[in-house]
Amino acid sequence: MCRLCSGVTALTLFDLVKRSMRKNIKHYYLYFFALILSVVLYFVFATLQHDAAVAEQGTGTMGTAFQVAGILLIVIAGIFIVYANAIFLKRRSREIGLYQLIGLTKRAVARLLILENMLLGIMALIVGIAVGMLVSRVFLLLLMKLIGYEAFIEVSFSTAAVIQTFFVFLAIFVLTTIQMVFTVYRNSLLSLFNSEKQGQHPRKPKTAVSAILALLGIGLIAFGYWLSGRMLNAMIFFNMLAVLATVILGTYLIFRVTISWLLYRIRRNKNGHLGLENSLSLAPLMHRMKSNANSLTIITVLSAMTLTMTAAAYSMYYSTERETQAIMPFDFMFENEAGLADEISEELDVNGISYQREAVETFVVPAEFEEKPAPFLEQATDIAVLSSEQLQQAGLDVDVPANGEASFHDVSVSTLFNSVDLPFDLTFQDEVPTTLSIMEIAPYNVLNWSFFTSQIVVNEETYQSLKAQLASETGDAALQQMDGFHIAEEDMAAASAIYQQDKYKTSSLHVDYYSSYEESVQSNGLLIFIAGFLGLVFLISTGSILYFKQMTEAEQEKQSYATLRQLGFTVKDIMRGIIRKQAFVFGLPLAIGLAHSIFAIQAASFLFRTDILFPASVAMGVYALIYLVFAVLAVGYYKKTVKATL
Amino acid sequence: MTTQNKTITQKTSKQTVLQAHNVRKSFGARGNVQQVLKGIDLRVAEGEFVGIMGASGAGKTTLLNVLATIDRATEGTILIDGADISKMKDAELSAFRRNQLGFIFQDYNLLDTLTVKENILLPVSLGKMKKQAAEAQFQSIAKILDIEALADKYPHEISGGQKQRTSAARALINQPSLVFADEPTGALDSKSASSLLGTMADVNKQQGVTIMMVTHDPLASSYCSRVVFLKDGNVYSELYKGDKTRQAFFQEILNVQAVLGGDSVDAL
Chain A
1 MCRLCSGVTA LTLFDLVKRS MRKNIKHYYL YFFALILSVV LYFVFATLQH DAAVAEQGTG
61 TMGTAFQVAG ILLIVIAGIF IVYANAIFLK RRSREIGLYQ LIGLTKRAVA RLLILENMLL
121 GIMALIVGIA VGMLVSRVFL LLLMKLIGYE AFIEVSFSTA AVIQTFFVFL AIFVLTTIQM
181 VFTVYRNSLL SLFNSEKQGQ HPRKPKTAVS AILALLGIGL IAFGYWLSGR MLNAMIFFNM
241 LAVLATVILG TYLIFRVTIS WLLYRIRRNK NGHLGLENSL SLAPLMHRMK SNANSLTIIT
301 VLSAMTLTMT AAAYSMYYST ERETQAIMPF DFMFENEAGL ADEISEELDV NGISYQREAV
361 ETFVVPAEFE EKPAPFLEQA TDIAVLSSEQ LQQAGLDVDV PANGEASFHD VSVSTLFNSV
421 DLPFDLTFQD EVPTTLSIME IAPYNVLNWS FFTSQIVVNE ETYQSLKAQL ASETGDAALQ
481 QMDGFHIAEE DMAAASAIYQ QDKYKTSSLH VDYYSSYEES VQSNGLLIFI AGFLGLVFLI
541 STGSILYFKQ MTEAEQEKQS YATLRQLGFT VKDIMRGIIR KQAFVFGLPL AIGLAHSIFA
601 IQAASFLFRT DILFPASVAM GVYALIYLVF AVLAVGYYKK TVKATL
Chain B
1 MTTQNKTITQ KTSKQTVLQA HNVRKSFGAR GNVQQVLKGI DLRVAEGEFV GIMGASGAGK
61 TTLLNVLATI DRATEGTILI DGADISKMKD AELSAFRRNQ LGFIFQDYNL LDTLTVKENI
121 LLPVSLGKMK KQAAEAQFQS IAKILDIEAL ADKYPHEISG GQKQRTSAAR ALINQPSLVF
181 ADEPTGALDS KSASSLLGTM ADVNKQQGVT IMMVTHDPLA SSYCSRVVFL KDGNVYSELY
241 KGDKTRQAFF QEILNVQAVL GGDSVDAL
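Protein chains in written order, with my numbering: chain A, 1 to 646; chain B, 1 to 268.
For the record, the hints were derived by calculation from the structure and aren't laboratory data. Computed from a predicted structure; not experimentally measured. Note that the Cβ used here is the ideal one computed from N, Cα and C, for glycine as well. Worth double-checking, as some hints may not be accurate.
[To be verified] The list that follows gives simulated cross-link-like pairs (lysine to any residue, SDA-like), each with its CA atoms no further than 20 Å apart: (1) B/Lys-131 - A/Gly-275; (2) A/Lys-558 - B/Gln-106; (3) A/Lys-270 - B/Ala-133; (4) B/Lys-153 - A/Arg-267; (5) B/Lys-153 - A/Leu-175.
[What the hints assert, rightly or not] Derived CB-CB ranges, DEER-like: (6) A/Ser-295 - B/Gln-35: 45 to 53 Å; (7) A/Val-632 - B/Gln-34: 35 to 43 Å; (8) A/Lys-270 - B/Ser-56: 38 to 46 Å.
Extracted from the complex, chain A is given alone in its bound form:
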């Protein structure tokens, strides 16, 4: 190009961009949608991060959690956009080739694409931030509701969030630009024109090797699952790595080899009589399994991760109340502080707060388990002994054990006893050793214990005899008078405020039920919000990637559908086969991801003392439901494509 006319060229180039964008809106919308969606979600996140109300609520952990989530979000948005751009470029490769064919230099084509990308990026930023501002309030309200903040909230426009979003997407824009330039410079004209027809041809698998690898894939996953239930020993870190490695490798082999191998066997048995539905599902799946193995593996692993994360976070949030109750059976409690207990009783009376004051007696003695009960527990430990009748008197729901038997209470370690066979023996070392049979490991405490001492409950008769034998007036095994308080639900906040005054503070761990419940709700609420938000982003990205992939496949298979319809198959006939394929493409990553996450949750269940079947099922169900929306969309797109072929 001559120097004189370069200005003219730039103008026409811009015209060309405008024109091609207007004409190709169908091709663009996919990429544009991915861009806008990422901007919206990131902007909402940044707004929340910078919101005064959130900052005020949050302490150090909140900020860190937001920062980590923010980085994850950028990574996911980056991958998602680059992927969408790759599909977008592939669909347009003919057009890129055509520009070169009519005489534009590679440089000019690259400039055209960059210009286009810039326009799209700017538009996406504007639209995304505008939409983000509208929806960020909804998300903020949701967050505040989750963490139990009940003040009036106003979302202020955050310049910092806009700037942050701008820079993040500037970086992503640079990435996609490099990708575009690469496409233009690396590909020959011929490959640009043929790229729509790509897709490998199925090859006959080497039976012996495939069979071994196929079974190895299943074996690795089975081993990973098996190990995940037996991780809690000295090698826990190594075990976790082993589980991760075997399950991920196994998943890859499943997609790369096992499925093709199985499909090949089914197909061979059909001996050519494949039928229409298999021709539209089994055959194209085999055709593409090789190139799809990577993305399906990533999607499956991501889904499993997301499912585990959201299910765990929701379970924590869901069981906050019961967990706190298990740790603190009384609203607050005084140890050997009858004076303070009297004082607070008076203060509660003055404030018109109704309460029940319960007295319980206990003593702490060293004891020894029959054998080391779990890898993380010592064989010798200090144990507080309590009487079941006294506890019942104090309003606790405990059973009365038989003579010489006991139930063991310690929320912090109870799940570690899961693998211990009951009953087992507990021996008190005295002149004459006394042995009790532990009949039950209860997942709740019977005292608001400020030290992490395990408790056992025996019946009154056994208690009295143990007391006579083991307890002393003074020293380590001294009797302790516990004063526990039960407060009515509506007065909890006021009572908690009274209890939290400095004059009642006797130890560094000055906790009451209400304030620790509030604290848990706050941190678990934040956790479920961040997990849910990230989960939604993962879900939308993986769902969209699968949907985009199916759109591309539908385009590539257009000719097949046209042929089938000419041969006399109806849209309905063809859709049956396509739906079968979609069930496979979407269902398989979901099913395997669900299986992985179920085992992951089970392996992590020692973190929970309460039953998490319900919250985990709800989280997984919601995930699967949203995921299915993408499958329905894909089927809809196929239907449109098939209908348009004739």
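We have chain A already, so just place chain B on it with the hints.
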């Protein structure tokens, strides 16, 4: 019209497979209507091998699509095996195509992801044909078309001629009343083309399969038993091979085509 009458008197002994009367087809919206078929009458009797010839834009492919139920005529009646296809609903038409008609396309239109055998057996996959019957039918057709050895190959592994034979086998698998071929030799080299046409003529004679083929190649149409010439959406003339040699018939076709082509250039 004289040729038309001759057809009827000559072939009354044979059963009619296709009867088209006053078929018209227009494209475009109001104000810009273009009539591509301007009232075509055509009768095809059982066992005929009819070639449709004409210059580009004469309406060959449109006629084929309309007769083959892929497209609907704007006007006129078409009976295939006595059934009026212009009155059928879309689903009925699909079933009709699947059960009564066979198709051979210029670009073969084989499914890349299916083997030769799977491609051929596709049309019977929804039908009532038993697996053994289908298998037997496949074996006999594959033998006639000489593609038995290719059964487990994928389309990308075989030559164009072999692909077209596969396509022909697929068209014949459900023993159709009528096979439509749209420029079947268009993408083939001359050797594969004449080999395929020879096979089609054999199938036509020996199996009694009725074939209607659209082509612009005079050599291809010289394999037919009758050639219909279209011009600007009308039947221009017809030629019968009768007892003539293929070479002589080929000459005749060339002559008609010369008149047809010269006419159009000179007249306009």
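Hints and how they fare:
no.: 1; hint: B/Lys-131 - A/Gly-275; in the structure: holds, 11 Å
no.: 2; hint: A/Lys-558 - B/Gln-106; in the structure: holds, 17 Å
no.: 3; hint: A/Lys-270 - B/Ala-133; in the structure: holds, 15 Å
no.: 4; hint: B/Lys-153 - A/Arg-267; in the structure: holds, 14 Å
no.: 5; hint: B/Lys-153 - A/Leu-175; in the structure: violated, 43 Å
no.: 6; hint: A/Ser-295 - B/Gln-35: 45 to 53 Å; in the structure: holds, 51 Å
no.: 7; hint: A/Val-632 - B/Gln-34: 35 to 43 Å; in the structure: holds, 41 Å
no.: 8; hint: A/Lys-270 - B/Ser-56: 38 to 46 Å; in the structure: holds, 43 Å
Violated hints amount to a single one, hint 5; each of the other numbered hints is respected by the structure.
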